[in-house]
Amino acid sequence: MEKKKTLRIALIGNPNVGKTTVFNLLTGLHQQTGNYPGTTVVQKKGKIKVNGFTLELIDLPGTESLHPHSPDEQVSLKEIIRYPENIDGIFYIADVESLKKNLLLLTQIMDLGIPVIMILNKADKLKKKGIQIDMEELKKTLGIPVILYSSVKPEGNLIQKIKPYLKKLNKCKGRRIFSEINLKEELKKHFPAIDDKLLNYSLFLHYTEQVPCSLLEMTNHPGKEEKKQLLKKETVKRYIWINKVLKNFYTQNLSERKDFTGMADKILLHPVWGYLVFFFIMFLMFQSIYHLANLPMELIDHIFGELSNWLQHKLPSNKLTDLLINGVISGVAGVLIFVPQITLLFLFVLLMDKTGYMSRVVYLTDRWMRPFGMSGKSLVPLISGTACAVPAILSTRTIENSRQRLITLLTVPFTTCSARLPVYTIIIALVIPNKFLFGWIGLQGLTLFFLYTLGFAAALAFGALLHRFLPGQKTTPLLMLMPDYQWPSFKGLLIEWWDKVSAFIFGAGKIIVLFSIILWFLGTHGIKDDKILAYPVPLEDSYLGNFGKKIEPVFRPLGFDWKIDVAVLSSFAAREIFIGTLSTIYSVEDDSEKTIIEKLRTEIHPATGRPVFNLATGWAILIFYAFALQCMSTLAVIKQETGSWAYTLGIFLFMGLLAYISAMTVYQILK
Amino acid sequence: MPYLSELKPGEQAIIIADEHLPVKAMELGLMKGSLIRLKKKNPKIGMALVEINGQSLALDYGLASQIEVSSNGKKENSPDSTDR
Chain U
185 MEKKKTLRIA
195 LIGNPNVGKT
205 TVFNLLTGLH
215 QQTGNYPGTT
225 VVQKKGKIKV
235 NGFTLELIDL
245 PGTESLHPHS
255 PDEQVSLKEI
265 IRYPENIDGI
275 FYIADVESLK
285 KNLLLLTQIM
295 DLGIPVIMIL
305 NKADKLKKKG
315 IQIDMEELKK
325 TLGIPVILYS
335 SVKPEGNLIQ
345 KIKPYLKKLN
355 KCKGRRIFSE
365 INLKEELKKH
375 FPAIDDKLLN
385 YSLFLHYTEQ
395 VPCSLLEMTN
405 HPGKEEKKQL
415 LKKETVKRYI
425 WINKVLKNFY
435 TQNLSERKDF
445 TGMADKILLH
455 PVWGYLVFFF
465 IMFLMFQSIY
475 HLANLPMELI
485 DHIFGELSNW
495 LQHKLPSNKL
505 TDLLINGVIS
515 GVAGVLIFVP
525 QITLLFLFVL
535 LMDKTGYMSR
545 VVYLTDRWMR
555 PFGMSGKSLV
565 PLISGTACAV
575 PAILSTRTIE
585 NSRQRLITLL
595 TVPFTTCSAR
605 LPVYTIIIAL
615 VIPNKFLFGW
625 IGLQGLTLFF
635 LYTLGFAAAL
645 AFGALLHRFL
655 PGQKTTPLLM
665 LMPDYQWPSF
675 KGLLIEWWDK
685 VSAFIFGAGK
695 IIVLFSIILW
705 FLGTHGIKDD
715 KILAYPVPLE
725 DSYLGNFGKK
735 IEPVFRPLGF
745 DWKIDVAVLS
755 SFAAREIFIG
765 TLSTIYSVED
775 DSEKTIIEKL
785 RTEIHPATGR
795 PVFNLATGWA
805 ILIFYAFALQ
815 CMSTLAVIKQ
825 ETGSWAYTLG
835 IFLFMGLLAY
845 ISAMTVYQIL
855 K
Chain G
37 MPYLSELKPG
47 EQAIIIADEH
57 LPVKAMELGL
67 MKGSLIRLKK
77 KNPKIGMALV
87 EINGQSLALD
97 YGLASQIEVS
107 SNGKKENSPD
117 STDR
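Line order of the protein sequences matches chains U and G.
Residue 717 in this note's numbering sits at position 533 of the first sequence, with consecutive numbering throughout.
Residue 64 in this note's numbering sits at position 28 of the second sequence, with consecutive numbering throughout.
The following block holds chain U by itself, in its conformation from the complex (with noise of 0.2 Å):
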């Protein structure tokens, strides 16, 4: 391995130590965040260079053990054990805090006979809690290089302090307690013919998580309550061992230790303030998402129309001064005009979580969640699902009870995600009055409230609907860690932030620019009579015009003419489409210098003679993307996550009915 110049590492450790934090300050910004940004459900890959080697990290999903519990545990396992040969050694952070319980894998990870180096985070912890740690009796006990450090407060750089041991890699092997513990015996047991040198922590895997060998193919695996018995004993037999060897290194004085986590708890999960503290937090992002991002989304609205003028006055009179002008520009525009908003709502979203408040979410909702078929843990998918649905339906991996998981994934589209922001924002501005209730709370803010809790109280409902219905086991008992409150450190904040702003501009960016480039071409080109028409062909004619018209009769009972129709369907692929359809056809009709939003207020139906987006139409299009599934990735990551068409198909169709009806409801009655 000396000779090896690229080395393949996987961050691995419990949940909570801070592991993702700590592979951020490693990479960087220099990772691969694999489809979607959020917490470690899908691994992330990041590379460095170090002293002539090229580091190639995997942050792997938090795991207890090695014995996976829920979906996203299986993928260390799978990729520990199915393809050891593709790791060339583990990082593995533990946190000075839980230390007695992160030994529990450690000893598993040791045992399989890896190289490993340990990061014992959460250094700046030591003396809150009043821990002692001897570092040196540490390092002897376990045989492998252990680096404190504290991922908040860092001291120094860490890969410097990772740089002495890579090219030693691969005598940090450890001490392997597998015989120690006498699992070895209980393994024999199963295993009598099988020669001793071959029984090992590697096949006690694969024999109790029915990982395929060819060792294997002479023995049955174990049934389900074997294996219970058989990992029971195993993880008593650690702790036993782990419990002898801690107190040659570990003290801790619980008098000494400042306990605020306490104090905030009695407050935070309090059965009464704890709601209302949660209520509070909720209403204040949603007051803040609208309030707060006023300013610069009408400067970046501003700036674009004022370079959309620039170049209309500079460049040539012709179809490529059309095409980058109302083709490209308003593109571009309609997405960078709601990253104020998208940039408040991930950071709340992140800051719950990173603090350790999400798990108090967790604590207060659990017993509220059963009737809707789901857990606290349900809750998280839920509330992520307001950045984005992709995110949150791979986040319900971390759901052990399958059919919790199934309901979560299936309700977490209804909830509101930033793509129906823009839509939101655009509609609320049109149609609702920029008034106050008792001088501070926004009637704009309310009603981008009121859709966040539809889109929640409609999850809760279709979930109490599939509780109904679906077979398998109907709860699992909650059993979580409880991190103490923490500020996040301010760089690994910044990183996550950005991984999940840069996935909107760049992810949903580009399919919005590319859709807003066809949508100029059918709306300026047309044909009639079997002859292609000279451009620029007049909107009506255009092959926009025509689709709008064919199918604008199916529409119509919600209050929607064919531009609105255009742009409600070429929105299917992804909801924030609606507006740059929207922006384009009205660009592409108007050359006047009017922003976007004045050009829908000032639009008028011909046949009523009213404003095209008053009230009763505004209601109609908000609650149609209320509800309606319009998102080509939400659908992709149902049908990998559920491995059913049916499922995919059915909440798709379920979902466009229910958005269909409510929407036409709404408008016959406001109309």
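Hints are computed from structural coordinates only; laboratory data are not their basis.
Every residue, glycine too, gets a C-beta built ideally from N, C-alpha and C.
Treat the hints loosely; a few may be bogus.
[What the hints assert, rightly or not] Pairs of lysine to any residue, SDA-like flavour, derived with a Cα cap of 25 Å: (1) Lys-416/U with Pro-58/G; (2) Lys-77/G with Lys-233/U; (3) Lys-421/U with Lys-77/G; (4) Lys-712/U with Lys-658/U; (5) Lys-189/U with Lys-233/U; (6) Lys-231/U with Lys-351/U; (7) Lys-416/U with Ser-41/G.
[Stated by the list, open to error] Partial selection, computed: residues in chain G whose CB lies under 8 Å from chain U: (8) Ser-41; (9) Lys-77; (10) Met-83.
We have chain U already, so just place chain G on it with the hints.
This is chain G only, laid out in the frame that chain U set:
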């Protein structure tokens, strides 16, 4: 023998039976011989908060009602007695 849910907040006890506990609970340290402290119980919310191995653990109140503990709890500063 009392059950964990019968302790008063702040009281400590030793777990004396772990047969009914799931494997995950044992991995988190809830096992026979472990010293456990009840930090908070909310039967109305259906949850209990305990401290084990210096960490807070939230668990379903129904599960807390099944964990048998020793009747004579220790003082907070006693060393963990998970050796067995």
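These are the hints, each one checked on the structure:
Only pairs whose Cα atoms come within 25 Å are accepted, and Lys-416/U paired with Pro-58/G is accepted, the gap being roughly 9 Å. For the proposed pair Lys-77/G and Lys-233/U, the alpha carbon gap of about 50 Å is over 25 Å, so the pair is violated. A threshold of 25 Å between alpha carbons decides the hint, and for Lys-421/U with Lys-77/G the separation of about 31 Å lies outside it, so the pair is violated. Between Lys-712/U and Lys-658/U the alpha-carbon distance is near 60 Å, which puts this suggested pair outside the 25 Å criterion.
Our distance criterion of 25 Å between C-alpha atoms is met by Lys-189/U and Lys-233/U, whose separation comes to about 10 Å. For a cut-off of 25 Å, the pair hint linking Lys-231/U to Lys-351/U stands: about 17 Å separates their Cα positions. With a CA separation close to 23 Å, the supplied pair Lys-416/U and Ser-41/G stays within the 25 Å bound. Because the closest C-beta pair between Ser-41/G and chain U is about 12 Å apart, greater than 8 Å, the hint is violated.
Interface hint status for Lys-77/G: violated, as the beta-carbon distance to the closest one in chain U is roughly 11 Å, over 8 Å. Taking 8 Å as the C-beta contact cut-off toward chain U, the hint placing Met-83/G at the interface holds, the least distance being around 5 Å.
Consistency with the previously given hints fails for numbers 2, 3, 4, 8 and 9, ordered from lowest to highest.
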